[in-house]
Amino acid sequence: MSDVLAVAEHRRGELRDVSFELVTAGRELADATGGDLHVAVVGGDTDSFADALNREGVDQLHAVEYGEEFNHDVYVQATEALFGDLDPEFLVVPNSVNGLDYAPAIANKLGLPYVSDAVDVEYDGSLTATREMYGSKVETTIEVAEGPYAVSIRGGEWPAAEGVGDADVSAFDVDFDEDAIRSTVTGFEEVGAGDVDISEAEFLVSIGRGIEEEENLPLIEALVEATDATLSSSRPIVDNGWLPKNRQVGQSGKQVTPDVYLAIGISGAVQHVAGMKGAETIIAVNTDPDAPIFDIADYGVVGDLFDVVPALIEEFGGDAPDV
Amino acid sequence: MKVLVTVKEVAEVEEDFEISNGEIEETYLDYDLNEWDDYAVEEGVQLQEAGDDVEVVAVTIGPERSEETIRMALAKGADRAVRVWDDALEDADILDVEAKADILAAVVEEEDPDIVLSGVQAADDAFGGTGVALAEEVGFEWAAVVNALDTEKVLDEGVASVHRELEGGVEELTDVELPAVLTIQTGINEPRYASLRGIRQAQSKEIAPKSFDDLGLDASVADSALELTDMYEPETESDAQYLEGDASEQAAQLADVLREKGVVDG
Numbered sequence: 001m002s003d004v005l006a007v008a009e010h011r012r013g014e015l016r017d018v019s020f021e022l023v024t025a026g027r028e029l030a031d032a033t034g035g036d037l038h039v040a041v042v043g044g045d046t047d048s049f050a051d052a053l054n055r056e057g058v059d060q061l062h063a064v065e066y067g068e069e070f071n072h073d074v075y076v077q078a079t080e081a082l083f084g085d086l087d088p089e090f091l092v093v094p095n096s097v098n099g100l101d102y103a104p105a106i107a108n109k110l111g112l113p114y115v116s117d118a119v120d121v122e123y124d125g126s127l128t129a130t131r132e133m134y135g136s137k138v139e140t141t142i143e144v145a146e147g148p149y150a151v152s153i154r155g156g157e158w159p160a161a162e163g164v165g166d167a168d169v170s171a172f173d174v175d176f177d178e179d180a181i182r183s184t185v186t187g188f189e190e191v192g193a194g195d196v197d198i199s200e201a202e203f204l205v206s207i208g209r210g211i212e213e214e215e216n217l218p219l220i221e222a223l224v225e226a227t228d229a230t231l232s233s234s235r236p237i238v239d240n241g242w243l244p245k246n247r248q249v250g251q252s253g254k255q256v257t258p259d260v261y262l263a264i265g266i267s268g269a270v271q272h273v274a275g276m277k278g279a280e281t282i283i284a285v286n287t288d289p290d291a292p293i294f295d296i297a298d299y300g301v302v303g304d305l306f307d308v309v310p311a312l313i314e315e316f317g318g319d320a321p322d323v
Numbered sequence: 001m002k003v004l005v006t007v008k009e010v011a012e013v014e015e016d017f018e019i020s021n022g023e024i025e026e027t028y029l030d031y032d033l034n035e036w037d038d039y040a041v042e043e044g045v046q047l048q049e050a051g052d053d054v055e056v057v058a059v060t061i062g063p064e065r066s067e068e069t070i071r072m073a074l075a076k077g078a079d080r081a082v083r084v085w086d087d088a089l090e091d092a093d094i095l096d097v098e099a100k101a102d103i104l105a106a107v108v109e110e111e112d113p114d115i116v117l118s119g120v121q122a123a124d125d126a127f128g129g130t131g132v133a134l135a136e137e138v139g140f141e142w143a144a145v146v147n148a149l150d151t152e153k154v155l156d157e158g159v160a161s162v163h164r165e166l167e168g169g170v171e172e173l174t175d176v177e178l179p180a181v182l183t184i185q186t187g188i189n190e191p192r193y194a195s196l197r198g199i200r201q202a203q204s205k206e207i208a209p210k211s212f213d214d215l216g217l218d219a220s221v222a223d224s225a226l227e228l229t230d231m232y233e234p235e236t237e238s239d240a241q242y243l244e245g246d247a248s249e250q251a252a253q254l255a256d257v258l259r260e261k262g263v264v265d266g
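So the protein lines, in turn, are chains A and B.
With UniProt numbering applied, the first sequence corresponds to residues 1 to 323, in that order.
With UniProt numbering applied, the second sequence corresponds to residues 1 to 266, in that order.
Mixed in with the good hints there might be a few duds.
Computed cross-link-like contacts, DSS-like style, restricted to lysine-lysine with a CA-CA straight-line distance of at most 27 Å [claimed, not checked]:
(1) B:K261 / B:K153
(2) B:K2 / A:K109
(3) B:K2 / B:K205
(4) A:K277 / B:K261
Hints were generated in silico from the structure; no laboratory data involved.
Use the sequences and the hints to build the structure in full.
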């Protein structure tokens, strides 16, 4: 009992990037346990998914045919069957929205200790996982005395596996209990359609919690007007209803790749950074010198946006409104 | 119909803080209702307002101090609350998902709700697993990361028709049979402020304390498979070029950078 079982993720006909990161993390664990890396793919075009997942370091690929899209009831049953058959030491899944939708259930069902959103894992006879708490303000190490373990890994923390592997590919038959499938995916919806496509913008002025109140938004809008920029934001601004969803940058919003991303009052939570780290130049304005946004910024302004932004508007000949 | 909302009092860390003996010193912590749970409470209260005879019960695992936070849920419209605490929980430095699910499962069995609303995650430990593990534990259906719920369908048809917020601006539309646990994402609604009248009324609402004994649970439920062994501030890796001076000097340099990069004329 020292193998690793990783369950890949796909959506609307495509494997998601995190699936290949999962292979890397799974291989690391398999090397530490001295076992094999099993990768499973459930549903969709399993043949082509298995081909694509056959990268260096994968020992066995298991294709479970059932349905097209993710359904947690199906994934729980498939994972339970695979786990029962393979008897691995580790179950590894992505800490994605779909991971969140079935990993806790399967861990509970199998009685496995569950560590979510790991950014690092080490195995030395027992598991030590590194994860963040308090909105990424601290890192913690968590020791789990006894396996087998269920771990979900954060996307973007492991490099994607590359190369072509020589894994055995086989179909894995699961005797699904149809009565236990009590949820139905009825479709998908793209959100954030609208007049502006922030993913096309060259210069984004982006605003976060630091703006404090909706009444302060005209200040940023004046900057946007004076610099002919496009306005975007982090999640809380959209959650508050101050800007429409199509302005949201981040994991659950849009991915953007502007020439310049001016982040004003944005702390730089990992979910936000996932959406904007591809910007060519990142400039951050924040009062907190320890804000994580400065870790990825090219230029940093430690200061109060309510002082800096009016001064910047004047630099470009605009009028800063009183807020 | 009965709606059970799980709420948690979470610690928020001040901007500057210190860690000693593997934990953040108490003086740097403020306690508040978990942000995700605030949206779950609002969703529960909206169901109550839309339907006839809908009861909203808030449940928490927390020491007596947390009653202050639970009253917020009552002030916003929850009818009553249950607070689970036990001596066995005093020493647990981290309660794993399994323990939370087991404890809440005992409450679900007692209350027999039609729908359980739970925040996607807690702002402090951020495991993001309690709601879904609870659903599995009690044999309910579930949906995670819900950012839209069709209230009428829940009340009229006994189906939770939800949107799940996936990554990259895509939402999944899913129908889930009741009874079900939904984990609620921020932004699903606009949480109300507690009115003065609500706050006054909350004072007379019941917060029933429950021990493990009351729920028929064994002290071993609090045993966690996980041990928190270290806590530290992540190293800053900033290579940023900092623009120094007062605000107008910083703005002048910033303007130069924007001109150099060619994104602003003038």
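Right, here's what the structure says about each hint:
1. Between B:K261 and B:K153 the alpha-carbon distance is near 52 Å, which puts this suggested pair outside the 27 Å criterion.
2. Between B:K2 and A:K109 the CA atoms are separated by roughly 26 Å; this keeps the pair inside 27 Å, and the hint holds.
3. A hinted pair counts as satisfied when its Cα atoms are at most 27 Å apart, and B:K2 with B:K205 qualifies at roughly 17 Å.
4. For the proposed pair A:K277 and B:K261, the alpha carbon gap of about 17 Å is at most 27 Å, so the pair holds.
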